[in-house]
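Undergrad: Chain by chain, the residues:
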Amino acid sequence: MSDELSEAPAASEFTSDEMMTVAASRSLHDGAVCFVGIGLPSTAANLARRTHAPDLVLIYESGTLGTKPQRLPLSIGDGVLAETADSVVGVPEIFNYWLQPGRVDVGFLGGAQVDRYGNINTTVIGEDYDDPKVRLPGAGGAPEIATSCGEVLIVMRHSPRAFVSGVDFITSVGHGRDGRARAELGLPGRGPVKVITDLGVLQPEERTNELTLTGVAPGVEVEQVRAATGWPLRVAEELGAQQPPTDRELRILRELKATLGNGESS
Amino acid sequence: MARILQLDTAVAELVNDGDTVAMEGFTHLIPMTAGHEIIRAGRRNLTLCRMTPDLIYDQLIGAGCARKLVFSWGGNPGVGSLHRFRDAIQNSWPVPLEIEEHSHAGMANRYVAGASGLPFAVLRGYAGTDLPTHTDTISTVRCPFTGEELAAVAALNPDVGVIHAQRADRAGNVQFWGITGVQKEAVLASARSLVTVEEVVDELPEQPGAVVLPSWAVTAVAEVPGGSHPSYAQGYSERDNTYYQDWDAISRDRERFRQWLDVEIHGSERSPR
Chain A
323 MSDELSEAPA ASEFTSDEMM TVAASRSLHD GAVCFVGIGL PSTAANLARR THAPDLVLIY
383 ESGTLGTKPQ RLPLSIGDGV LAETADSVVG VPEIFNYWLQ PGRVDVGFLG GAQVDRYGNI
443 NTTVIGEDYD DPKVRLPGAG GAPEIATSCG EVLIVMRHSP RAFVSGVDFI TSVGHGRDGR
503 ARAELGLPGR GPVKVITDLG VLQPEERTNE LTLTGVAPGV EVEQVRAATG WPLRVAEELG
563 AQQPPTDREL RILRELKATL GNGESS
Chain B
27 MARILQLDTA VAELVNDGDT VAMEGFTHLI PMTAGHEIIR AGRRNLTLCR MTPDLIYDQL
87 IGAGCARKLV FSWGGNPGVG SLHRFRDAIQ NSWPVPLEIE EHSHAGMANR YVAGASGLPF
147 AVLRGYAGTD LPTHTDTIST VRCPFTGEEL AAVAALNPDV GVIHAQRADR AGNVQFWGIT
207 GVQKEAVLAS ARSLVTVEEV VDELPEQPGA VVLPSWAVTA VAEVPGGSHP SYAQGYSERD
267 NTYYQDWDAI SRDRERFRQW LDVEIHGSER SPR
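Same order as they appear, the protein sequences are chains A and B. According to my numbering, the first sequence is numbered sequentially starting from 323. According to my numbering, the second sequence is numbered sequentially starting from 27.
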């Protein structure tokens, strides 16, 4: 990020990360109840609350319900989340009372790997769990967010290493190894409905649940997205073009990011 | 009745080699100084339980105190990876580390079962994930009323639970507030418990919404101002984000980590700040 906050940006000057964050924020409807992860999802959700969705309800897994942070939280348990929340509850309660029964509309997730059926891996890279190539942080709250929220939005930077044909480990289920797991397991939520990246948007195709390119970011070619995707990416018949960030969205996003004052996790 | 003890006395008395230890605190109120005292006491072969191992367990693992880690998310929050944790898993340094891996919901419910005196807890969890294949404390159970299959997780009952809180009175009644994570459950699930507090006061002020662990549910209380640093104690201190960022460089390198241990842990009676 190299935002020059002193200069007023022209609408044509924005980074691909800014486009991704704005696109993610636009995916959140006003009034929705949203379970927010730290990093990009948190930035997008807080941007949405400052633009088109002032009544968005933000829940963080540290136990803060209906939090309205004046600045971007630095971590999932940042004090500003507790100080500005309607209520602060324990971790068992946030998962058992608020997430599990289906009270949350949208789960907002990232990950290290995502595959063609929207399954997410944040556990290990490599096929041998006991001798991994890379040990990742693990599941956190994501497995149950992925199953119990009404729908799931995934925000990730696009690369062939991240967008793989099949994840090495399913930490959080999307549509399963064959695209049919949700129906077979009777999972309550709809699962991933959208994957928003710095190159565009992927959505599960209706019949197969395979992630398909449905929109590209301004200036991005389809071939570029294909090259950054680790499976033969299908493209929707009607490919949408994302609207660039408005001046207002960019201004608010940059003001918001300036409140972080520290390294953002991803 | 909780006893008010010095931190080193409490650790010497309550934490033994080979124990299962839970040190909880969800970003807020992490009992860091108590963790440093366990390193200083040279404890070995511990089974460390914690939802978010973060820096406190990275340090204990790097110091060779742990044999096994039970957890649900192991990273440096807002910064990146835990390098001592990775080194132990990928290279068995300084000693091999066994892991038992859960989701947050699973871990939280394991403590709930433990605190409730039940052998296991049920939840809608893990379905469709690869976690149950590798973790034998995750299973399934059929609902006796509806026949529905649900996830079951084994109760977690540590030998000792350690938390940090804002304050206690001289009788050992404990108050804490803000983000309270799974601290109450961890204490109630454990056979013994140690609560470090910012201050011991003559009389607890009334604090609406405060979680209180009564004296009779706690084994020992130690007054350790700043005992959650670099995490924070709401109303007392701010999170030291620079420390979390600096830890990345220190922990990446075994030699730098050793120096850190020598200077910050073994070179001082108490860890700084």
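Derived by calculation from the structure, the hints in this document are not laboratory data. Possibly wrong hints are sitting among the right ones.
Here are the simulated distance ranges between beta carbons [as the list claims (entries may be wrong)]:
hint, chain 1, residue 1, chain 2, residue 2, range
1, B, Arg-282, A, Arg-372, 36 to 46 angstroms
2, B, Val-237, A, Gly-562, 25 to 35 angstroms
3, B, Ala-243, A, Glu-335, 56 to 66 angstroms
Footprint (simulated), chain B over chain A, 3 or more residues, beta carbon under 8 angstroms [what the hints assert, rightly or not]:
hint, segment
4, 477 to 483
5, 491 to 505
6, 538 to 552
From the derived model, a few chain B residues whose C-beta atoms are all more than 12 angstroms from chain A [what the hints assert, rightly or not]:
hint, residue
7, Ile-56
8, Asn-71
9, Pro-145
10, Phe-171
11, Val-226
12, Ala-243
Virtual Cβ for every residue (Gly too), placed ideally from N, Cα, C.
Undergrad: Please settle this one: B:Ile-56 was flagged as non-interface, so is its CB more than 12 angstroms from every CB on chain A?
TA: Nearest chain A Cβ is 9 angstroms from B:Ile-56, so the label is violated.
Undergrad: Is it true that the C-beta distance of B:Ala-243 to A:Glu-335 lies inside 56 to 66 angstroms, as the hint says?
TA: holds (59 angstroms)
Undergrad: How about the segment 491 to 505 of chain A: do at least three of its residues have a C-beta closer than 8 angstroms to a C-beta of chain B?
TA: holds (count 8)
Undergrad: Since B:Pro-145 was said not to touch the interface, does its Cβ keep a gap of more than 12 angstroms from each Cβ of chain A?
TA: holds (17 angstroms)
Undergrad: Decide, holds or violated, for the assertion that all CB atoms of chain A are farther than 12 angstroms from the CB of B:Asn-71.
TA: holds (20 angstroms)
Undergrad: Measuring from beta carbon to beta carbon, are B:Val-237 and A:Gly-562 in 25 to 35 angstroms?
TA: violated (49 angstroms)
Undergrad: Should the label of B:Phe-171 as a non-interface residue stand, given a Cβ cut-off of 12 angstroms to chain A?
TA: Label holds. Min Cβ-Cβ 17 angstroms, cutoff 12 angstroms.
Undergrad: Mind checking the hinted window 36 to 46 angstroms against the Cβ distance between B:Arg-282 and A:Arg-372?
TA: 41 angstroms Cβ-Cβ, so the 36 to 46 angstroms window holds.
Undergrad: With a Cβ-Cβ cutoff of 8 angstroms, does the segment 477 to 483 of chain A contain at least three residues near chain B?
TA: violated (count 0)
Undergrad: Verify that the Cβ of B:Ala-243 lies farther than 12 angstroms from every Cβ atom of chain A, and report whether the claim holds or is violated.
TA: holds (16 angstroms)
Undergrad: Please verify that the nearest CB of chain A lies beyond 12 angstroms from B:Val-226's CB.
TA: Per Cβ check, B:Val-226 is outside 12 angstroms of chain A; nearest 23 angstroms; holds.
Undergrad: How does the coverage statement for the segment 538 to 552 of chain A fare against chain B, requiring three or more residues with Cβ below 8 angstroms from a Cβ of that chain?
TA: Since 0 is below three, the answer is violated.
Of the hints listed earlier, those the structure fails to meet are numbers 2, 4, 6 and 7, in rising order.
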